[in-house]
Amino acid sequence: MTKMTIPLGPQHPALKEPVNFSLVLEGEQITGSTVNLGYNHRGIEKAAESRTYLQDIYLLERVCGICSHSHTTCYLTCVEEIAKAEVPERAKAIRTIVAELERIHSHLLWLGIAGYEMGFETLFMYSWRDREQVLDCLELVSGNRVHYAMNTIGGVRRDITPEQKTEILRRVSILEERTKYYIKLGTEEATVLARTQNVGLLPHDVAMNLGTIGPTGRASGIKCDVRKHEPYLLYGKLDFKEITHDTNDVFGRLVVRVLELVESYKIIRQVLNYLPDGPIAVKVPAKIGPGEATNRYEAPRGEDIHYVKANGTDKPERVKVRAPTMANYVAVPYMLNSGYLADAPMTIAAIDPCMSCTDRAMVYDTKKNKVRIYGWDDLRKLGIEHYKKRGVDFSKL
Amino acid sequence: MKKPGRVLGEMLENLFAKKATSNYPFTKAVVDARYRGRIAFESDKCIGCKMCVRACPSKAIEIPLSAEQPAAAPIPEGSAPVPAKKKFDCIMSLDRCIYCSQCVDVCPKKALISTTDFELAHTDRKLLRLHYK
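Protein chains in written order, with this note's numbering: chain C, 1 to 397; chain X, 1 to 133.
Calculated directly from the structure, the hints in this document are not laboratory data.
From the three backbone atoms N, C-alpha and C, an ideal C-beta is built for every residue, glycine too.
Treat the hints with care, since some could be wrong.
[What the hints assert, rightly or not] Only part of the chain X face toward chain C is listed, based on derived beta-carbon distances under 8 Å:
id	residue
1	A20
2	D32
3	R34
4	Y35
5	R36
6	A55
7	P57
8	I98
9	C100
10	Q102
11	D105
[As the list claims (entries may be wrong)] In silico DSS-like cross-links for lysine-lysine, where the CA-CA straight-line distance does not exceed 25 Å:
id	chain 1	residue 1	chain 2	residue 2
12	X	K109	C	K283
13	C	K184	X	K19
14	C	K180	X	K18
15	C	K287	X	K59
16	C	K84	C	K315
17	C	K309	C	K320
18	X	K126	X	K59
19	X	K109	X	K85
20	X	K59	X	K87
21	C	K46	X	K59
Sequences are here, hints too, so could you generate the full structure?
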C-alpha cells in the first residue's frame, strides 16, 4: 500500500491548541508520526526576568490556565528556598487545599474532553456540569475561577473561614457522589470501553525510557507521583494512595484520573479537618539571593519543574519552567504509531496536552532544510542587530 | 450497564431535575462577595505613594495629580504654613488589568478597592480607560 503523509494541525477541530503532528499513513493505519511544536511560544521565561518576584507570580500563573496554582507554588517554593523563608503551616495547608481543588477541576475537565473526543457528549456535558461545583469552591476560596492568585511570597493571600470550610465540604460530597457514577460509567459503559481499550498503547518499559510522567506514566505502571516520593507542602503527613494502572492504554489513563479524584476528595477532607491555626504569610524582603533552587511539583498533568536563579536584586536572573506536557509529548509519536487515524485525537487528548505551557521555539532554515541552534552570544548579537535597525544601540551594554 | 433500556432511569431522573444552566444575562449571575472584579478608587484616601503602580504586574494603573487641586486650609495666624493636601486621580486600563488585586493588597491607605463588577467588556476601546477623579 502506498504511504501518505498528512498533517494533523496546527489548526484542526480535534486539537484544542495549536500543535502539528505529521502522520505517515498506510490506509487507515498510522505507521510513523512526528510532533512539531512552536506555534504558541510566548517567551514567558524571558519576560519573567524583567519583572519583580511578586509580579512574576501573576505572570507564571498564566503559563497555564488550568495548572495556575501548580506553577506559582512551584516557583514560590524555589523563591522561598533561596530567601530562606519559613512558610507557616496554615499557608501550606491552604496551598494544599487549592492544589487538590485544582486537580479535581483539571481531571473533571479532562474527563469531559475525553468524552467529547470519543463521541460520548453526554459524559462531556455531565462532567463539565459537575466541574462547576469545584470552580465555585475555588471562587469562594480565592476570588476567581481560573487564575486563583492565592499565593504570595511567604504564604497565601486569603484565609479559609469556617463557613467556607463547610461549603467546600458540602460541594466535595456532591462531587464524590458523582465520581462514583463516573467510575461505574468509565469501567462498565460499552462506548467508553470500545473507544479507549487498547488505544494509544504505551508499555511500561517504553514509558520508562521516554520519561513519561503524571497520569500518563501511572497508567503504564510507573510510580511517579511526586506527592508521594518527594513530599512537599503537607503531603508527607497525609494519607492517600498513589494510583497506578497496568493496562497501558487510554482506558488506564481514564481510570487513573477518575480514581485520583477520589484521593483528592480524601486529601481535602483531611486538610480541612487539620487546618492549623496561625498566620497565613510571613514577610519576605523584596531583594532575594544570590542563590538558585529547583523544585518539583505534582501538577494535575504530571511533574512540573521550576528553576529560579537569584542575583540579589528584586528580579530573578533566570526562571526556567518545565511544564508536564513537555515530558509527555515525547511519548505521543510512539502511542500514535501502529494505531488508527480515527484514534489519533483520542490518543493525543489522553496525555491531557497543554500546548502553550510547554511550547518551545526553534529556527528552521527552509533553504538548508535544517534547524538552527542559537547560543547565548548569537542571540545577543541578533538582538543588538534587531534594535540597531530601529535606531537603538545596545552594543555598549 | 449492559441492560437494555438502562437509560430510562437516568432519563426520568433528569426530566425532573433542576436546570444546570442559568438564564444569564437576563438573570444576573451571582458572584461571591470576595470576587476580584473591577478595581475602584477613592481619591480622598490616596496619598500618591504610587506603591500600586510599582506593584502592578501589567502596568494598568496610573496615578496622576488631579487637574483641580483643593485650596489650602486657612492657616491660623502665627503658626507655620501647612502645605495643602494633594489630590490624585487614578487611570485604570481595563484592557491591561488582570484582576489580581495586588494593588488592593499593597495600598497602605486602602484607596483602591476590589469590587464584584465583572461585566467589563466594551465595544469602544476608549471606554476601557477608566478615569477616577
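Item to check | Earlier hints that do not hold, by number | outcome: Hints that this structure does not satisfy do not exist here, as all of them hold.
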